[in-house]
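Given the sequences, and given the hints that come with them, work out the whole structure.
In the order they appear, the protein sequences are chains A and C. Heads up: the first sequence is residues 155 to 903, going by the numbering used here. Heads up: the second sequence is residues 155 to 903, going by the numbering used here.
Keep in mind that the hints were calculated from the coordinates and are not lab data. Check the hints yourself; a few may be wrong.
Which copy is meant is left open, so a pair is good if it fits within one copy or across any two.
[Said to hold, decoys possible] Below, in silico cross-link-like pairs of lysine to aspartate or glutamate (EDC-like), each with a Cα-Cα straight-line distance of 20 Å or less:
1) Lys565 <-> Asp368
2) Lys453 <-> Asp368
3) Lys862 <-> Glu651
4) Lys565 <-> Asp472
5) Lys550 <-> Asp432
6) Lys478 <-> Asp333
7) Lys311 <-> Glu404
8) Lys453 <-> Asp359
9) Lys478 <-> Glu659
10) Lys696 <-> Asp542
11) Lys311 <-> Asp368
12) Lys478 <-> Glu651
13) Lys565 <-> Asp681
For clarity, every value in this text was computed on a predicted model and none was experimentally measured.
Residue strings, one per chain:
Protein chains: 2
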Amino acid sequence: MKYLLLLFLISISPTSVFCQVDKDLALPVNWELGYNSDPKTESLNWIPAIVPGAIQLDIAKAEHYGLWYYAENWKNYLWMEDQHFTYRASFKKPELKSNEHFFFISKGIDYDFEILLNGERLFQQEGMFTSVKLDLTDKLMTHNEINIVINPIPKSKSFPADRGQANHSVKPAVSYGWDWHPRLVPSGIWDETGLFVEPENAIDDFRLDYCLNDSLNASSLLLSANGRNLSGCTFIWKLTDHEGKNVLVEKGNFEGDNLIRTAELDQPKLWWPHDQGDPYLYTSRIQLFDKKGKFVQAKESSVGFRRVRLVTNAGCTDPAGYPKSRILPPIQMEINGRRIFCKGTNWVNPEVFPGIITASRYEELIDRAIEANLNIFRIWGGGIINKDSFYSLCDKKGVLVWQEFPLACNKYPDDPHYLQILEQESASIITRLKKHASLVLWCGGNELFNGWSGMDDQSIALRLLNSQCLKFDPTTPFIPTSPIEGVGHGNYVFRLEKTGEEVFEIMNHAHFTAYTEFGMPSPASVDVLRSIIPENELWPPKPGTSWESHHAYNAWGKNTWLMQDMIEDYFGKSNSLEELVIHGQLIQGEGYKYIYEEARRQKPYCSMALNWCYNEPWPTAANNSLLSYPNITKPGFYQVKNACRPVLASATITKFKWKSGELFKTQVWMLSDKPEDVKAGKLKASIVSGNNIYSMGTWNFHTIESNKNLSGPEFTLILPDLQPGTFKLVLEVDGFPELNSEYTLLVGS
Amino acid sequence: MKYLLLLFLISISPTSVFCQVDKDLALPVNWELGYNSDPKTESLNWIPAIVPGAIQLDIAKAEHYGLWYYAENWKNYLWMEDQHFTYRASFKKPELKSNEHFFFISKGIDYDFEILLNGERLFQQEGMFTSVKLDLTDKLMTHNEINIVINPIPKSKSFPADRGQANHSVKPAVSYGWDWHPRLVPSGIWDETGLFVEPENAIDDFRLDYCLNDSLNASSLLLSANGRNLSGCTFIWKLTDHEGKNVLVEKGNFEGDNLIRTAELDQPKLWWPHDQGDPYLYTSRIQLFDKKGKFVQAKESSVGFRRVRLVTNAGCTDPAGYPKSRILPPIQMEINGRRIFCKGTNWVNPEVFPGIITASRYEELIDRAIEANLNIFRIWGGGIINKDSFYSLCDKKGVLVWQEFPLACNKYPDDPHYLQILEQESASIITRLKKHASLVLWCGGNELFNGWSGMDDQSIALRLLNSQCLKFDPTTPFIPTSPIEGVGHGNYVFRLEKTGEEVFEIMNHAHFTAYTEFGMPSPASVDVLRSIIPENELWPPKPGTSWESHHAYNAWGKNTWLMQDMIEDYFGKSNSLEELVIHGQLIQGEGYKYIYEEARRQKPYCSMALNWCYNEPWPTAANNSLLSYPNITKPGFYQVKNACRPVLASATITKFKWKSGELFKTQVWMLSDKPEDVKAGKLKASIVSGNNIYSMGTWNFHTIESNKNLSGPEFTLILPDLQPGTFKLVLEVDGFPELNSEYTLLVGS
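Here it is as structure tokens:
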């Protein structure tokens, strides 16, 4: 028995409905939203509703509210939190053939809702991540009205208007207010939804599970399907490679409503993240034919063959001496037997209102990450579980996904009601996403084992999530939270206010198995600032204005995220908004670059570097993100891109500000995450001030083995008379300018 | 809804058979064992078998083997590992009334076996912790023979004859050989087993689950029962207090074979460990009456109401600075809202052959632990899950139980067959033990997150055990292994061979949340040594003799556990066995005393101190245990007893050997784990050498708050001319001699 794990997979049956929605087949209906901003009257205004979307956006449109992200308009939306809203759609009974069924299907309704048909309450659900499929066939009249009643957003009592209100629900905490997200809590139908006629014979669920053998050169396949009235129907199943060639074909009959077939695939092409190989996908397609042999239906999904493990980091051994504790928990990603250095970023909701996220929004953001040489997204637990298109795009483009459950910075209770919803929602989430090749890590949520959350290893919610992941997706690793022991979060500034320590010093002394959050704030670019801050508030920035609403002040600390005082302490008083922005963005880029490169130098003990954060849900005035909303690069983005090149020259730095005559020291490195060897070469280090170039030395480095770094010599230089402003440390690799690096440093007075 | 957790309990249904066996009702049969030590012949010898017992003991008796624990007799037993054995019993078909059933019931058969009736194979099982209940009614003939075929013990291939052979089975690893356990692997029927007629109407399973409210002054009760032909039967259920008074009575009818009733109990008396209060037990008893009102059956169990939590240790806060990792995992035991310092010990199998363990063997060992002021047993994962009587006695006597699953020091694989057996066995173990008030902690196994095991947080076996515990016993904490982060195991010697550091220095610098294993070896007493080592080998001790078989040499290191060289380095060459034993046992006692007291001083950051180990499965020549087999105290036992008194005077020590004229420093403490305040008093410290007493100082200490320590002054003394041999540091508490302490120290030359 070579592939015993297959038996283990068989023993595990998903319980939740997995819905595939083909928009083109939906019955065309007009959705309307009923609401009343005046709680005294009982009559509802009916306005057009966009589905999927958000009640807030429909109302804003109908009532001509200003854009939620301009100035302080978000405050006008607050009243909507505590109201009941009703969606309605009218439709005529469609003509149904015998055994055809009529369904209401929704992939997501946010958050606590009821569904009524012609006034009859058919369904109730708490939870936005569990899809709904209601058979309406027997309830249909000639003229019908379907209603979806959305209850007020959940709020834990005795909490102020902050994330604490989210601590008893499986609703993303971020929208209750975060240091880079306004208090704007979405509500309503947020994912694909419609009314559908389904054929007489129909496959509901169709899955292909697999298990690679130890040598990764063969895979056992487990095809399973189930549906309605399938007995006597026939099927053709094909596994097709990327070029459209059939590599496996199975035909047969359904004997009941369930089908299970096994097959063997020899020499599968493996799926890799984009920087390690080809994200190779096969297509698994089943065609269903009725008893008369007539084609009824086809379902397909992509399959990427890969084996993922989380393994103990190199150098993590038993502590020395006695009493002796344990080895640190594993956080080294291994894909297809290869240890991968994860260069990634923390993904947050790309929109305040997830209902309006489209596949193309996802795609432009994923493409940008690949451009920046990143290979993993941590889907942070404060936000939503993304729509299907996100994971399909990550599969296709070869970006790894670390997926958290929607728990963040709260103490989620050992409370039966909460646990029951969490059990339901987690089952839905896991069974929906587990088929994706990109999905390589489940995580309970964000910073739950820290004091500001107050959960621990005994928290039932996290034991439940571990158990659910094991039950539904046993071959994907699970961690209870980030950080775990050995892993670090933070810091989020270029220079500590209290001690004056800079990011260089801190990173040079840090020794972690993974850096899974680290931030470096900067102001947004001037164009972005002009688009959100009224002209009269724009200069100089002040607390209590739109600047503060957009997180420039009192976000994390008093001066975050603008940090004008620190910027001006380095560069002197800014004479204009433009000057402040340029200096702040320079600091962000140099800081981020240093952290990524130093984390890479600490490989293999260190296995990950993920900055906080990648994107943002609305335009902030200042933030740690690399992109401004919706997808505007900051200069720091390009520094991250440089630091994350598969191969580059790199140098250590001890501080930011230097004076002429000081002794400047740096150790040079060649960093490589490439799966192939890199040729020997010659590195030259210089200090460049204005037009003057001062050589520090050269290093003839030997061949760099695949996926290894080379540490080079330490160079020293008594700094010459530097021109005022900034100077650079420049590394050049003879004949390979794409490997060159440079570091901008400040000339002190 | 005050007691919502009850709903959670309802949602969880145990799947395994829980067997209660009343020996008095068993059909009397004679069991025989068939075996053949010569594999060439196929005929079996039949000898009398004792059930429960072990095949090894039956054969040893029939073939007049020497006692397994004398000299090197164990070697004669080795051949039995790889044979098939058959138990048989003949019986006449009993007269059965209509609807009466005839069962074979066994609470434990070790390890892989088949059951045949009259030559027909009825059942097969791998796993010694899952009980068997077979309905034989329809298969009975006039004359019957039942056979139980025991397969050879499981051995993982490609391992030498050591614990590694146990790494694919749920069989305790210890019997494959350990540093204090011979290679003797038991096999056969090891727990209560017999043939039973069961009445027409019968309750199989009867449980009382409960959930205390937050204030611990009321409890929701959930009574559940199920069985056969119960429809129309009536029941009376009574909850009776310790004095026999009924506190709750419920009567009613069975409507089917399942019964679920809820009730509320006001002001339940809480169950406490013996040193914190009264281990108060109620009796829950159900009486069953048939349709005619005739009494049929009664079942009862004890119930202790207590709430257990594992909470974060005091002083475990977020690490300072950034990057920031997590808070250490909780290991502080909280019972009924009170944080308890766990003074305990590691329990190992009290017999090489668990089949011969009786309730009275358990009781004498439990009583001894209470005598030593210990309040918790860690049932170490290398050994068996104990028989029911053990846990019932712990309930009754108020000793906490930390129960491990049978995984120890091996890499148990992500292998479907192993995982399937583990799932079965863990379900049986959890559902059998969860009802016990004493059972306060589940643990995956021993030292699994250390290099010599090689498992980690991603190991499926441990994720499965976490999941199983959550499913079947959600209100009891679970830890994956010991040590976890912050917890220490070891050391196991008085003085490190390499560095010369003594236990005093090591403990004074240690800073752990719990010390869950620490050892201190000593030779056994002379009488014990004489009972296992032939006279001609007795003196001087030598490797390669019975001394080595009994772990005096090459057990953990070359010189363990006798450590004669170290003993003689302190005390000079021993002139006799008696002298060596006295010196070795003195060191053990002083070492253990110091560790327990120093761990207590580190309270509340430190929450546990458990020595390695309490007892032993056979008489060792030298070992870390406090007791020699079967229940013989070593002098160290009494030092542990002293160190674990609820309240005592205590002092710090920096080293063992002192010279006249040296500056002796000690800090004095009053240690208290008492739930009540302790009166103010006066402590006097003196150095006593021969008949001379040198006062070091006195300390008037104030009232000691409940469950808190008081740290006192540091006293110093230039040591006077000490008489050769040993001297003592003596602490006396005015008027309370029971709080006095003394420490024996060595006079150096």
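key: Homomeric proximity label, Lys311 with Glu404: Cα distance no greater than 20 Å   = neither (56 Å within a copy, 38 Å between copies)
key: Alpha-carbon proximity context of Lys862 and Glu651, limit 20 Å   = Cα proximity of Lys862 and Glu651: none, with 36 Å in one copy and 39 Å across.
key: Intra- versus inter-subunit Cα pairing at 20 Å for Lys696 with Asp542   = Neither way: Lys696 and Asp542 sit 41 Å apart in one copy and 71 Å across, limit 20 Å.
Within, between, both or neither, where Lys478 and Glu659 count as close if Cα-Cα is 20 Å or less = between (30 Å within a copy, 16 Å between copies)
task = Indicate which option fits the pair Lys565, Asp681 if close means a Cα-Cα distance not exceeding 20 Å: within, between, both or neither.
result = neither (40 Å within a copy, 58 Å between copies)
Alpha-carbon proximity between Lys565 and Asp368, which holds within one copy, between copies, both or neither at 20 Å = between (40 Å within a copy, 17 Å between copies)
inquiry  = As a check of your reading, is Lys478 near Asp333 (CA-CA no more than 20 Å) within one copy, between copies, both or neither?
reply    = For Lys478 and Asp333, the Cα distance is within 20 Å only across copies (19 Å; inside one copy 40 Å).
query = Is it within, between, both or neither when you check Lys453 against Asp368 at 20 Å Cα-Cα?
reply = This pair counts as neither: shortest intra-copy Cα distance 30 Å, inter-copy 52 Å.
task = If the cutoff is 20 Å on CA atoms, where do Lys453 and Asp359 land: within, between, both or neither? Let me know, please.
result = Answer is within: at 9 Å inside a copy they meet the 20 Å cutoff, but 47 Å across does not.
task = Could you figure out if Lys478 and Glu651 sit no more than 20 Å apart (CA to CA) within one copy, between two copies, both or neither?
result = The answer is between: 17 Å across copies meets 20 Å, while 37 Å in one copy does not.
key: Within, between, both or neither: Lys311, Asp368 at alpha-carbon 20 Å   = Only across copies: Lys311 and Asp368 sit 18 Å apart there, 52 Å inside one copy, limit 20 Å.
query = 20 Å Cα cut-off: does Lys550 pair with Asp432 within a copy, between copies, both or neither?
reply = within (9 Å within a copy, 64 Å between copies)
Comparing the model with each numbered hint stated earlier shows that hints 2, 3, 7, 10, 13 do not hold.
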